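K.L.:
What follows is each chain in one-letter form.
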Amino acid sequence: MEEHEVQAFIDATKAYFAQMTDEPAEVGTPYLLDEDSTVLDFTGVIGISGTRRGCVYFSTPRALLEHILTHLGEVDLSEDTLIDLAGEIANTLAGNVRKDFGKDFLISIPVVIQGQPRRLRALSDSRGFVIPIKWKGIRSCLVISLDSKV
Amino acid sequence: MNRKLMIVDDSNVIRRLIERCLAGEAVEVVAMAGNGVEALEHFRNWRPELVTMDITMPEMDGLTCVEEILAVDPDARILIISALADKPTAIEALKRGAVGFLTKPFTDQEFATAFAELLED
Numbered sequence: 001m002e003e004h005e006v007q008a009f010i011d012a013t014k015a016y017f018a019q020m021t022d023e024p025a026e027v028g029t030p031y032l033l034d035e036d037s038t039v040l041d042f043t044g045v046i047g048i049s050g051t052r053r054g055c056v057y058f059s060t061p062r063a064l065l066e067h068i069l070t071h072l073g074e075v076d077l078s079e080d081t082l083i084d085l086a087g088e089i090a091n092t093l094a095g096n097v098r099k100d101f102g103k104d105f106l107i108s109i110p111v112v113i114q115g116q117p118r119r120l121r122a123l124s125d126s127r128g129f130v131i132p133i134k135w136k137g138i139r140s141c142l143v144i145s146l147d148s149k150v
Numbered sequence: 001m002n003r004k005l006m007i008v009d010d011s012n013v014i015r016r017l018i019e020r021c022l023a024g025e026a027v028e029v030v031a032m033a034g035n036g037v038e039a040l041e042h043f044r045n046w047r048p049e050l051v052t053m054d055i056t057m058p059e060m061d062g063l064t065c066v067e068e069i070l071a072v073d074p075d076a077r078i079l080i081i082s083a084l085a086d087k088p089t090a091i092e093a094l095k096r097g098a099v100g101f102l103t104k105p106f107t108d109q110e111f112a113t114a115f116a117e118l119l120e121d
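Residue numbers (the working numbering), protein chains in the order written: chain P, 1 to 150; chain R, 1 to 121.
Bear in mind the hints are in silico, worked out from the structure with no lab data behind them.
Keep in mind the model is a prediction, meaning the values are calculated, not measured.
Note that beta-carbon positions come from the ideal geometry of N, C-alpha and C, so glycine has one too.
Be aware that a few hints might be false.
[Stated by the list, open to error] Distance windows between CB atoms, simulated: (1) R:Arg96 <-> P:Thr70: 19 to 27 angstroms; (2) P:Ala18 <-> R:Glu19: 22 to 30 angstroms; (3) R:Ala116 <-> P:Ser78: 39 to 47 angstroms.
[What the hints assert, rightly or not] Which stretches of chain P does chain R cover? Using the computed rule of at least three CB atoms under 8 angstroms from a CB of chain R, they are: (4) 13 to 23; (5) 54 to 67; (6) 79 to 86.
[What the hints assert, rightly or not] Pairs of lysine-lysine residues, derived as BS3-like cross-links and limited to a Cα-Cα distance of at most 25 angstroms, are as follows: (7) R:Lys95 <-> P:Lys99; (8) R:Lys4 <-> P:Lys99; (9) P:Lys14 <-> P:Lys99.
Sequences and hints are given; from them, build the entire structure.
P.N.:
What follows is the structure in structure tokens.
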């Protein structure tokens, strides 16, 4: 992946928190994904096809989702709602970067994994990047794993 | 008299958020749907004048659903609310008959502006 492509995801992440919560998120320096990368309570996964292949996933602890839902005025903080929001955040971040990647950057509907899978392997031959996110002191991350342009 | 509206999005969180954003508007939410097939069925049953429509959904995507709804009622007014932020998709949505396009995430003000355009005849 090229630097400006990673930057597109960083920009989308910053915009998401700024617009949805009125409180900016701190986005740290991206680093290479390794085998031991942490998967948190809820992970929304988006498959990518078209001009690129791979996946994008947003992994978050429960507390972050509960804070966002409360901020949005949502009173239902059930497991189903938390799963829904984890998928929606992943969908929004992946969809927003089409501004930079183009309309043939095709995104799937989200799949959400709850809890810690034994292993979450990126569907790409290239190594992925982890974008660390801190919002209200809560750490989450966005992982991008994309093959080179097809 | 309130105008009838249907909200279509595969996320219940977003459907409920849009519903809350509509507080104070002269509309009645008569139906909600989580995909295009369900939306079309509800549209035939409820005949809402206004629709907010996501694009990336299971079963039938929002752009196809716009065409299907307009085939049933060419006067239906449809606002796309989608995370897909590229211009060609927005242009495609308008070509297929949507009257507006709002990108997620949106602020209350951005929603109000886009919704005001949806209400214009």
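K.L.:
Using a Cβ cutoff of 8 angstroms, are there at least 3 residues of the segment 79 to 86 of chain P near chain R, or does the coverage claim fail?
P.N.:
Coverage by chain R holds here, the residue count being 4 at a Cβ distance below 8 angstroms.
K.L.:
Against chain R, does the segment 54 to 67 of chain P show at least 3 residues with beta-carbon separation below 8 angstroms?
P.N.:
violated (count 0)
K.L.:
CA of Lys14 of chain P to CA of Lys99 of chain P, is that 25 angstroms or under?
P.N.:
Roughly 15 angstroms between the alpha carbons, so the hint for Lys14 of chain P and Lys99 of chain P holds.
K.L.:
With the threshold set at 25 angstroms, check whether the alpha-carbon distance from Lys95 of chain R to Lys99 of chain P stays at or below it.
P.N.:
holds (19 angstroms)
K.L.:
Regarding Ala18 of chain P and Glu19 of chain R, is the given constraint of 22 to 30 angstroms on their beta-carbon distance met?
P.N.:
With Cβ atoms ~23 angstroms apart, the hint holds.
K.L.:
Taking 19 to 27 angstroms as the hint, is the beta-carbon distance of Arg96 of chain R and Thr70 of chain P inside that range?
P.N.:
37 angstroms Cβ-Cβ, so the 19 to 27 angstroms window is violated.
K.L.:
Do the Cβ positions of Ala116 of chain R and Ser78 of chain P conform to the proposed distance bound of 39 to 47 angstroms?
P.N.:
violated (33 angstroms)
K.L.:
Measure nothing beyond the straight line between the CA atoms of Lys4 of chain R and Lys99 of chain P; if it is 25 angstroms or shorter, mark the hint as holding.
P.N.:
Violated: Lys4 of chain R and Lys99 of chain P sit about 33 angstroms apart, past 25 angstroms.
K.L.:
Please verify the coverage claim for the segment 13 to 23 of chain P: does it have three or more residues whose C-beta sits within 8 angstroms of some C-beta in chain R?
P.N.:
holds (count 4)
In this structure, the earlier hints numbered 1, 3, 5 and 8 are contradicted, and the remaining ones agree with it.
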